[in-house]
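> Protein chains in written order, with this note's numbering: chain A, 1 to 396; chain B, 1001 to 1367.
Derived from the structure by calculation, the hints contain no laboratory data. Even glycine gets a Cβ: it sits at the ideal position worked out from N, Cα and C. Hints may contain errors.
What the hints assert, rightly or not - Per label pair, the in silico range of CB-to-CB distance:
{"no.": "1", "chain 1": "B", "residue 1": "R1220", "chain 2": "A", "residue 2": "A286", "range": "42 to 48 Å"}
{"no.": "2", "chain 1": "B", "residue 1": "A1024", "chain 2": "A", "residue 2": "R279", "range": "29 to 35 Å"}
{"no.": "3", "chain 1": "B", "residue 1": "E1345", "chain 2": "A", "residue 2": "R223", "range": "38 to 44 Å"}
To be verified - If you only want the chain A side, here are some residues facing chain B, beta carbon under 10 Å, derived:
{"no.": "4", "residue": "Y8"}
{"no.": "5", "residue": "G245"}
{"no.": "6", "residue": "L281"}
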Amino acid sequence: MHPDRPVYLDNHATTPLDPRVLAAMRPWWEENFANPHSVEHAMGREAEAAVEAARAEIAGLIGAEAREIVLTSGATEANNLAIKGAARFAAAQGSERRRIVTLATEHKCVLESVRDLAAEGFEPVLLPVGPGGLLDLDLLRDTVDKRVLLVSVMAVNNEIGVVQDLEVVGAIAKAAGALFHTDAAQGCGRIALDVAEIQADLLSISGHKIYGPKGIGALYVRRRPRVRLAPLFSGGGQERGFRSGTLPAPLVVGLGEAARIAAGEGLLDAGRIAGQRDRFLAALEAEVPGLRLNGDPERRVAGNLNLTFPGELDAQGLMAEAPEVCVSTGSACSSAAVEPSYVLRALGMPEAEARATLRIGIGRFTSPADVDRAAAALAAAWRRVAAARPARTGTE
Amino acid sequence: MNELYLDANATEPLRPEARAAVLAALEAGGNPSSVHGAGRAARRLLEGAREDLAARFGARPQDVIFTGGGTEANALAVRGLGQGRRVLLGATEHAAVLAAAPRDTGGAETIPVRPDGTADLAALEALLASGGPALVCLMAANNETGVLHPIPEVAALCARHGALLHVDAVQAAGRVAMDRAADSLALSGHKLGGPPGAGALLLRPGLHLPALIAGGGQERGRRGGTEPLPAIAGMAAAATAAVPEAAGRLAVLRDRIAAGLRALAPEAVIAGEAAPRLPNTLSIVLPGVPAETQVIALDLMGLRVSAGAACSSGKVARSHVLAAMGFGEAAGCGIRVSLPWNAAEDAPERFLEAWAAMRARLSRRAA
């Protein structure tokens, strides 16, 4: 990374575009710009073929078939489509099942989709997580019965990086005859995910979290046995009626290339990223005694560190003191908000500690020099902020 | 084979201004909702695009909702504003609007069009007078014929009857001057010469609607999901570059095609020719020859035109637009020629040469 540029350690919010993805997309803006649904002419059919090749790459990343991939504008839309679409379709078919089981630590768009459904007569069940952020599987087993329509459990948490045991979650959902959806926006390409192994019916993917472009995502929709959804909105009937609107061919091609790279390099990335994470954490721990890692230390994605700083300081102030580092206090969507993270609160963390917590996201393009610079900058910032605080222990 | 792209109403070629904006936004990276430096830079680009788009179409920045495209923008408006209202839809609306009408409120009512494709205002007035508060959906310009509805008159009628007016401006924006008389206006980035993947809904100040896609509170809670910054920046740059004065050049080319057709084939009809139309669009009906056959023949000669809307794959059916204009059987025999913003000066002559060859071959076979 350029020495004058800030070190980017916020790869949960968004990832930089892989140069190979940009190269794959450019011809579909600059040379053949055709609408991929214009199959009446040759340019449109070429664009359609590129879209279908990309769809196959996306499917390949999660062990699905190409025709099980519905392209959307992003993971938020995919999550909305999965949750509202499954619930509304089932209700329209006269299903008696009304419960939607999910976690208190899911992404905002999952929680809001479930809340929207509550207004339509469905019954949300928000399960707590343990202090490490993991779902109690026995609790899930006790909760999921024949009243449950859908179980939605994220693959990897966007703030604390913990990895849920989706194989068991899927088995529990299936045993009760419920649908199983997983928001894999943070998991896809970072951990191994196979829709057959986890028995997923629905799985959401984001383009810009896997070094692809913003404005594109996908929803896996199982075909055997077939999962049916009501669309969020209708129109030209694209994507087999699940999602109308012109497909943005360059963005689809970009997601396909990002998926291809992730399938080939994701696990190599994870090994290298884990090395940078350990290096960063060791350097920071040496300078900041009492630094605490949140979330289960074993079951977590390689690039994530969620760290509470000692001294009950304000993490926002810490970030302001270290402008040469791009990190965050939590989910980007709500990071401008003043309330502390609901994810951290769900772990049972006191509000003051949640306010003193930073989310670090290390990615494919983070170098050892980057993490060294970032650790030094954050440690220095912490010392300045801690020194400026009115002393509690009376040493000044 | 020399390729000639005349399918701008399916998608416009990317404008150079939009291309530069896309590449700059890709370079910037960052999530506009992040508070660090990269996030703030992305936020500045996003809000700059919002201001540019708002200024271009006479809206306030806070009344611009970015969406994934025109279809979503139309659906957001029809679902959101149609709640608790009767929904009145123009007979020739795009599928995005026709399909968006809520089915749980007794279904939508149809506003007929006259033979020239423009909305029948007397029928609209009768509909408005016959029931409770309504949402009227009429497109500014039709995607197949280019026919323009008289939006100012429609808006006046709506105002008189307490109805809301939603205008699908996807095809009209950037090509003709837009009247800001509507309560909501749907735009599509790639029809302005921007990249695909972004659209917008512009609201009248004070109008509120619920989100279709719930999420992290982006777009003032009206549309969740990380904003697709490159596509949005490209759309705003394209909107600024797409000025109706420049599109006027296309009317000259279009009229040369029309004159050539009259000389070549007296049986060919230009749908909506008597009505005010987009400068770039021509709907040519060749009775007796199925549209699909015409389009395939032209495609083999390198001409990229369409038989109507480019939507779900391979669906070439009788045009509901031409049918509503009273074309009967011939509604299945129309092709759409839509000139892109960068159409070459010799496009009419190249088109006419290929079209004449196509007609000679297919009309002979049909006879």
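> Run every hint past the structure and note whether it holds.
Hints and how they fare:
1. B:R1220 <-> A:A286: 42 to 48 Å: 44 Å, holds
2. B:A1024 <-> A:R279: 29 to 35 Å: The hint (29 to 35 Å, Cβ to Cβ) holds, given that A1024 of chain B and R279 of chain A are roughly 33 Å apart.
3. B:E1345 <-> A:R223: 38 to 44 Å: 51 Å, violated
4. Y8: Holds. Min distance 6 Å.
5. G245: The hint holds - G245 of chain A has a Cβ within 10 Å of chain B, the shortest such distance being about 4 Å.
6. L281: 20 Å, violated
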